[in-house]
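2 protein chains.
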Amino acid sequence: MLERIRIVLIGTSHPGNIGGVARAMHNMGLADLALVAPRCEVLTQDSISRASGADHLLHQVRVHTTLEEAVADCTLAVGASARSRTLPWPMLSPRELADRLPAECKPEGARIALVFGREDSGLTNAELQRCHAHVHIPTNADFSSLNLAAAVQVLAYECRMAWLGQVDTPPAAAVDEEELATHAEIEHYFEHLERTLIDIDFHDPAQPRQLMARLRRLYLRARPERMEINILRGILSATDKAAGNPRR
Amino acid sequence: MLERIRIVLIGTSHPGNIGGVARAMHNMGLADLALVAPRCEVLTQDSISRASGADHLLHQVRVHTTLEEAVADCTLAVGASARSRTLPWPMLSPRELADRLPAECKPEGARIALVFGREDSGLTNAELQRCHAHVHIPTNADFSSLNLAAAVQVLAYECRMAWLGQVDTPPAAAVDEEELATHAEIEHYFEHLERTLIDIDFHDPAQPRQLMARLRRLYLRARPERMEINILRGILSATDKAAGNPRR
Chain U
1 MLERIRIVLI GTSHPGNIGG VARAMHNMGL ADLALVAPRC EVLTQDSISR
51 ASGADHLLHQ VRVHTTLEEA VADCTLAVGA SARSRTLPWP MLSPRELADR
101 LPAECKPEGA RIALVFGRED SGLTNAELQR CHAHVHIPTN ADFSSLNLAA
151 AVQVLAYECR MAWLGQVDTP PAAAVDEEEL ATHAEIEHYF EHLERTLIDI
201 DFHDPAQPRQ LMARLRRLYL RARPERMEIN ILRGILSATD KAAGNPRR
Chain G
1 MLERIRIVLI GTSHPGNIGG VARAMHNMGL ADLALVAPRC EVLTQDSISR
51 ASGADHLLHQ VRVHTTLEEA VADCTLAVGA SARSRTLPWP MLSPRELADR
101 LPAECKPEGA RIALVFGRED SGLTNAELQR CHAHVHIPTN ADFSSLNLAA
151 AVQVLAYECR MAWLGQVDTP PAAAVDEEEL ATHAEIEHYF EHLERTLIDI
201 DFHDPAQPRQ LMARLRRLYL RARPERMEIN ILRGILSATD KAAGNPRR
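For the protein sequence lines, the chains are U and G, in the order given.
What the first sequence shows, in full-length UniProt numbering, is residues 1 to 248, in sequence order.
What the second sequence shows, in full-length UniProt numbering, is residues 1 to 248, in sequence order.
Simulated from the structure, these hints should not be mistaken for laboratory data.
Mixed in with the good hints, there may be bad ones.
It does not matter which identical chain is meant; a pair holds if it fits inside one copy or across any two.
Listed below are the simulated EDC-like cross-link pairs for lysine to aspartate or glutamate, each with C-alpha atoms no more than 20 Å apart in a straight line [to be verified]:
| id | residue 1 | residue 2 |
| --- | --- | --- |
| 1 | K241 | E194 |
| 2 | K106 | D55 |
| 3 | K106 | D204 |
| 4 | K241 | D199 |
| 5 | K106 | D120 |
| 6 | K241 | E41 |
| 7 | K106 | E3 |
| 8 | K241 | D201 |
| 9 | K106 | D32 |
| 10 | K241 | D142 |
| 11 | K106 | E96 |
| 12 | K241 | E225 |
Isolated chain U (complex conformation) (with noise of 0.2 Å):
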């Protein structure tokens, strides 16, 4: 799916931006990097380092005149917009992209471009509605104008999570290999807890004051493995020693 889709960039003007940009694009998995009429050369050294290893995007990159040249194998064009314009056109949040890109990236053939515009003054109502639909990435209304880099990295990210969503879900939550005490485990190092407790003269039974249950319902809450509750036995055995406490 990502091989699908292309970022266009529209009358750049700063090579660093475009090493920024071929460094998100990179990071998140895509690699088709074409440029309309940059106002920059391409491989400079600001858009090297910034490209810091992803320069390759920089050598491949394919330069047009026009936007048509640049999208024309394309079956989704979506261009970025700071705001609605004159004349409303379908606008997608990042995500509403995110959700409609594996439907549109299935066909043979298919190939979607997002299209950015200039640093200073974004893409043209001409180039606008030359886009099937519009992604407004949703900022602060008083700064609203987004570093190209960082615009790109916003929907290359929301690119890659809709295509591991996917993927199928392997393990994202992943983590947790180790195992979780039983119940029963459990149970014994809170009987154990208790009688330390009155042993050091911290809990008296005759007045609880539900210190058990808050004991109780803080372990509970992290879920323990085995070997947590193993060290925290350890360490009331450890503690039944040093206060001198008969031997359980």
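Could you slot chain G onto chain U? The hints should help.
Just chain G now, kept in the frame of chain U:
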């Protein structure tokens, strides 16, 4: 909600990145920026140029010497991590983090820190272990190192999306009335815990075997309330007394 979210940058070495972070934050409506031991000047031509109109954030920035200081008043600290480490920690995707934010930001006094590491090496294990959870931005496995401002951009965007989702959905029923412990309160507990474990001969700092890391992970996962931390510290004081260890 957004005013309760702090961006913390540790050991940043390029002023331009700090400027880029300020712009990304202001674009998304975040304003609380803290630096820990920066390895460069904050106000330079480069940082001001990259901030591109958001340089008031650079003037307001607070500079700390340690992470603890920067997040002392925080009720939740989430560290940006490139990958899971030797000891797995609760790991969130940016979207899972966003899903949790409205509830996390709701309580009186809530303060959330999103912590980002050095450009070259990220966060250390010790720094990651001071966080309740880690967040991993999904990236191309072959090219996983995001530019710092780009990483902040993605998480700030998810924060804004979460906030926008809230703005028109009526406030859900209050989650939890009890007050969470602050980062500083939890750190004081861990310091006390470590001293006590050494005194009762359970812990040998010369052979730590990840003991403190495992205990940190357990307790941080439970998101302790202030009252619970008070109980746990009371237990440690009673242990110290029963074991005949010096009063702290």
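Do the hints match the structure? See the list:
Proximity of K241 and E194 under a CA criterion of 20 Å is satisfied in both settings, with 16 Å inside one chain copy and 17 Å between copies. Taking CA atoms no more than 20 Å apart as the test, K106 paired with D55 passes in neither setting, with 29 Å inside one copy and 44 Å between copies. Within a single copy, K106 and D204 get their C-alpha atoms no closer than 40 Å, and across copies no closer than 36 Å, so neither meets the 20 Å cut-off. Taking the shortest Cα distances, K241 and D199 sit within 20 Å of each other both inside one copy (11 Å) and across copies (12 Å).
Taking the shortest alpha-carbon separations for K106 and D120, neither the intra-copy value of 35 Å nor the inter-copy value of 38 Å comes in at or below 20 Å. Within a single copy, K241 and E41 get their C-alpha atoms no closer than 49 Å, and across copies no closer than 54 Å, so neither meets the 20 Å cut-off. When the C-alpha separation of K106 and E3 is checked against a cutoff of 20 Å, the pair qualifies only within one copy, where the shortest distance is 11 Å, while the shortest distance between copies is 41 Å. In the homo-oligomer, the alpha carbons of K241 and D201 lie at most 20 Å apart both inside one protomer (15 Å) and across protomers (9 Å), since each shortest distance falls under that limit.
In this assembly of identical chains, K106 and D32 lie within 20 Å of each other by CA distance solely inside one copy; the values are 17 Å within and 42 Å between copies. In this assembly of identical chains, K241 and D142 lie within 20 Å of each other by CA distance neither inside one copy nor across copies; the values are 55 Å within and 52 Å between. When the C-alpha separation of K106 and E96 is checked against a cutoff of 20 Å, the pair qualifies only within one copy, where the shortest distance is 17 Å, while the shortest distance between copies is 27 Å. In the homo-oligomer, the alpha carbons of K241 and E225 never lie at most 20 Å apart, since the shortest distance is 25 Å inside one protomer and 30 Å across protomers.
Checked against the numbered hints above, the structure breaks hints 2, 3, 5, 6, 10, 12 and satisfies the rest.
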